[in-house]
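Asker: Which chain is which? The protein sequence lines are A and B, in order.
The end of the first sequence is residue 344 by the working numbering, with every number in the run present.
The end of the second sequence is residue 288 by the working numbering, with every number in the run present.
Hints were generated in silico from the structure; no laboratory data involved.
Incomplete in silico selection of chain A near chain B, CB under 8 Å:
#	residue
1	Asp-57
2	Pro-58
3	Val-178
4	Thr-183
5	Ala-278
6	Val-282
7	Val-298
8	His-304
9	Ala-317
10	Val-321
This one's a predicted model, so the numbers in the text were calculated from it and none came from an experiment.
A virtual CB, placed ideally from N, CA and C, is assigned to each residue, including glycine.
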Amino acid sequence: MTQVATLPDPLEEVAPPRGHSGGAAWGLWLLRRLGLAALTLWLVSILVYLATAALGDPVRAILGRDYNSNVARREQLEAQLGVGDNIVTRYFDWLGGLVTGDPGTSLANQQPVWGQVSDSVINTLALVLLSALVMIPLAFGIAMISSHFRRKRPDTVIQTILLALAGVPEFVTGILLVSVFSTSVFHWFPAVTLSTPDGHPWDTPKSMVLPVATLVIAVSPYVSRIVRATLLEVLDSDYVELARLKGIPENVVMRKHALLNAIVPGIQVIALQLAWLAGGVVLVETLFSYPGVGRQLVDSVRNHDVPMVQLLSMIIAGVYVVVNLVADLLSILLTPRARTAISS
Amino acid sequence: MSAPTTPASASGATPATTPGFFRKALAQKRFTFGFVVTLIIVVFAIVAPFLSPYSENETAGPPYAKKGLFGTDYLGQDVLSRVMHGGQGILLISVLATLLGMVVGVLIGVVAAYSGGLWDEVIMRLNDVLLAFPQILLALVVLTALQNPSNLVIIVLVGASHAPRVARVSRGVALGIVSRDFVVAAEALGEKRSRVIVAEVLPNMTGPLLAEAGLRLTYSIGLVAALGFLGFAADPGAANWGQMMNENRLGLQTQPWAVVAPVLVIAIFTIATNLMADGLAQASQKGD
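All chains, full assembly: derive it from the sequences and hints.
Answerer: So this is what it looks like as structure tokens:
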């Protein structure tokens with residue numbers, strides 16, 4: 001299940017500063033974007049804090065039936081979460097801790113949360129990057145094949161399959177893959193990631209296959225469809241027409257004239273999808289017991305471990321903001337029109 | 001065509017009256033197929049509980065036994081009957097969540113587009129903050145502090161996670177309409193702003209909004225099933241396609257149907273609603 005969102009046009013979004021010399025203009029642009037990113041993260045932190053601390057009653061959620069009987073534990077938890085203090089003071093305490101690298105102690109095991117997330121962050125990054133490495137060439141390849149046969153039978157078939165896949169939730173795909181390739185039909189790959197406390201999941205590469213395949217199937221259809229649409233647009237343009245009239249072979253036209261121009265919109269979609277993966281891995285990691293941020297988040301939500309959930313959701317939102325920033329920067333660097341608009 | 005959400009889709013569309021629009025959509029194989037399959041599943045979900053061989057929580061045999069069409073589940077309940085009972089809840093929750101998300105999102109988007117200027121900027125910036133949250137994350141964060149989610153909580157959470165996305169799309173669509181002559185004319189006649197929105201702007205957005213609703217329904221089904229799959233369902237004992245996957249996962253090796261049957265139903269359902277949504281999007285783009 002992929003997120004569909006309108007693609008922001010980097011040119012329109014950033015409103016390049018004019019009337020400055022190149023370097024200064026770039027500095028200003030970057031500063032403005034960084035400022036916006038910081039503002040977004042700050043607002044996100046308010047949202048996360050309110051949602052976890054103010055909407056419900058975490059202490060009651062943790063203790064359940066013991067809420068009334070186990071007074072000592074209740075008071076201890078309330079003290080740790082600062083229940084009863086002013087919500088604004090608590091928020092700023094937490095924010096201060098988050099910024100200075102001390103975002104609290106886990107309610108589940110009384111250890112500082114900061115030290116518990118680094119491994120899962122690395123594991124998740126590995127999973128997402130590996131999926132992206134498989135997904136990007138695959139999506140572009142499918143798009144090229146599809147646009148080569150534009151509006152003929154193979155194109156229609158490919159597009160219908162992609163469209164159908166785009167709607168299926170990723171854990172549904174994952175379960176089907178597990179039952180086909182792991183438990184019921186074939187027994188090729190393990191159904192869960194087995195990891196030792198000090199090892200990483202990629203120590204057993206076989207166990208990475210199904211999680212990566214699931215994420216690739218979840219993300220490629222959307223990327224591929226956008227790239228195909230862009231390719232078709234470019235293939236209809238005057239300069240491609242001219243290149244063909246000059247007698248340049250079709251595969252060179254595709255490679256040099258069409259593909260290069262389809263890369264920028266491609267980057268925007270890929271960024272959106274990578275950012276989406278940061279949250280989308282939640283289900284896939286849970287399904288495969290992959291020791292990453294997503295599974296840790298689900299476990300923490302189940303345990304009502306408020307400080308842990310707060311930190312993990314800030315990390316995921318942070319990844320989203322950073323990926324978008326990098327994508328905007330790349331799009332501008334790769335679009336000559338935008339490059340000159342900024343530095344002239 | 002792949003981005004059903006571009007503002008361009010609305011520009012210059014004649015007021016999309018529903019019957020004509022529907023006929024245009026039906027002209028496409030995709031839409032017809034998706035629509036028919038969706039209808040079949042909806043009818044199945046509504047009718048099946050009355051036809052199922054066993055009731056929702058009735059024990060049909062030993063756990064994970066090969067009895068009946070799909071065997072039994074981890075508690076020995078008949079899987080086929082559970083699948084037949086599990087549709088109503090997920091369907092109702094998904095539809096209500098979609099409705100909520102659409103109403104709130106369209107309201108935000110249209111008001112932002114219609115107000116313009118500073119308000120538009122502020123509303124959409126705040127909206128962007130919400131977009132920095134993957135949908136499932138928003139639901140999980142709130143569930144942290146709750147003891148047991150009720151169905152109402154799940155509807156509100158899924159709906160709320162749709163709203164910023166719907167707002168973004170409907171603002172784009174509305175921007176192409178608010179500056180058109182008939183809106184200006186209505187304003188010049190001294191109509192109230194709320195009346196202009198309801199009577200002039202919204203009716204002209206039907207096509208793109210229907211397409212968006214179809215897409216949102218697809219995601220609602222996925223999200224509701226996902227929450228069930230993660231074990232956050234309102235009623236732990238009830239049959240629910242998402243929850244069934246969670247309950248029977250450990251038996252995947254011995255009795256795969258207990259998991260695969262609900263998985264297949266959800267897969268078919270989401271494929272159908274997605275094809276339907278895409279058909280609607282195309283029909284609304286061909287509007288002029």
